[in-house]
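*Asks:* Take the sequences, apply the hints, and build the full model.
Number of protein chains: 2
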Amino acid sequence: MYLRALTGLADDGTTTCSSEELAAAAGVNSAKLRKDLSHLGSYGTRGVGYDVEYLRYQIAREIGVTQDWPVVIVGIGNLGHALANYSGFRSRGFRVVALLDADPRRHTEVVAGLEVRSFDDLESIVAEHDVSIGVIATPAVAAQDVADRMVASGVTSILNFAPTVLSVPDGVDVRKVDLSIELQILAYHEQRKAVAPGSEVVS
Amino acid sequence: MYLRALTGLADDGTTTCSSEELAAAAGVNSAKLRKDLSHLGSYGTRGVGYDVEYLRYQIAREIGVTQDWPVVIVGIGNLGHALANYSGFRSRGFRVVALLDADPRRHTEVVAGLEVRSFDDLESIVAEHDVSIGVIATPAVAAQDVADRMVASGVTSILNFAPTVLSVPDGVDVRKVDLSIELQILAYHEQRKAVAPGSEVVS
DNA sequence: GACGTTTTGTTCTCCCGTTCACAAACTCCT
DNA sequence: AGGAGTTTGTGAACGGGAGAACAAAACGTC
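First to last, the sequence lines map onto chains A and B.
Yeah, the first sequence ends on 202 if you go by numbering that gives the first Met the number 0, and it's all consecutive.
Yeah, the second sequence ends on 202 if you go by numbering that gives the first Met the number 0, and it's all consecutive.
Watch out, some of these pointers could steer you wrong.
Intra- or inter-copy, both count: the list cannot distinguish identical chains.
Within a straight-line C-alpha distance of at most 30 Å, the following computed DSS-like cross-link-like pairs (lysine-lysine) qualify [as the list claims (entries may be wrong)]:
1. Lys175 x Lys34
2. Lys34 x Lys192
3. Lys175 x Lys31
4. Lys192 x Lys175
Since the hints were made in silico from the structure, they are not lab data.
*Replies:* Shown next as structure tokens:
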């Protein structure tokens, strides 16, 4: 988030910023921002603030955005399409090296300049491109199988869009994004607003 | 999450479950699950467990899933397409009543059985369908404008997929989903794994 | 009907993230 | 050069969520 906020400031021509400004741009408290940044080192100057470009590079280096991360996407339905075409990935150092789908009818398609390939090609693709990050955009029933195959072929980080709890061995990271749960949380707060107006905020 | 886990259990024919089982299905600790459920009331029976169907209805009622929530989606690019076609919304009580886009070239399109309409129709659509939840899937630069128009027309909950911090008045809830930040978090952990193998897990 | 077993509901404790508040450090102005 | 004004970095206080542990309650068995 800080990285993105800094990029925004840089695009506006700002060369220096205080913790207050950056915190406002990122939507957090300034004390938290300073403490977070202090974990990376002392990249600010007291009385002045932070150099936007310098801090930006330091954060990018720390979180690994300076590297090029090959990524495979499995499940080229609606969501897989959107992810394959999402420009935000490439601009942040992620390179989609393959799109896989179990359905042979999709294998003729070309999405975002990439041919959709068979799921059986997973192992060879992971090995060839040294892929460590996989994205699962399949239906829920297929997700665990896909995860197992990914782990077996060497993937150690998984971004899961399927509404299922994946079980993976230690050392493998999983992050889950559940679109309809986000809406449900909003609906819950809406309902509370209707009952007791003007009392709650999203936590 | 509990609701989804319960639905899964119900589909498997389970009629009763313990907190341990449900916690495992939802991927959480059983003590946490019991504490969470106790906030809704005492819907379990000691020595037996929870009745799956009964608990499912109680949770659904509490979080407002029994209602029908009209939703508008603004920004029908790749992600907007995917969201409009996402079946998980409808099955959870969300009904997409309109797709809006500022680009007139998209207004001829029909997506998911709905005609893409002009963003200028926002106010009338919100008023007509009593919409309180809006989804923003536009580029970052347009997101704040869209949010302002939504709020002005009566929307009080926003799900934001644009990589921007939205500022909205009190009483309006915003939830943000940032796809590339999720990947960045995974990449960060990957980098740490490469430096110090076998030490960290996603938090 | 009493007792052992199982499982919930709740209390207590611990731990971590967030925020406040302030000293240290830097700049600018006189 | 010195002091006033800013702003960072960090120690201390606060709050809340998460897990362990236990009492209360329901069921089955004898």
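*Asks:* Indicate, hint by hint, whether the structure satisfies it.
*Replies:* Results of checking the hints against the structure:
no. : hint            : verdict
1   : Lys175 x Lys34  : both (27 Å within a copy, 23 Å between copies)
2   : Lys34 x Lys192  : between (34 Å within a copy, 24 Å between copies)
3   : Lys175 x Lys31  : both (25 Å within a copy, 19 Å between copies)
4   : Lys192 x Lys175 : both (28 Å within a copy, 20 Å between copies)
Of the numbered hints given earlier, the model fails none.
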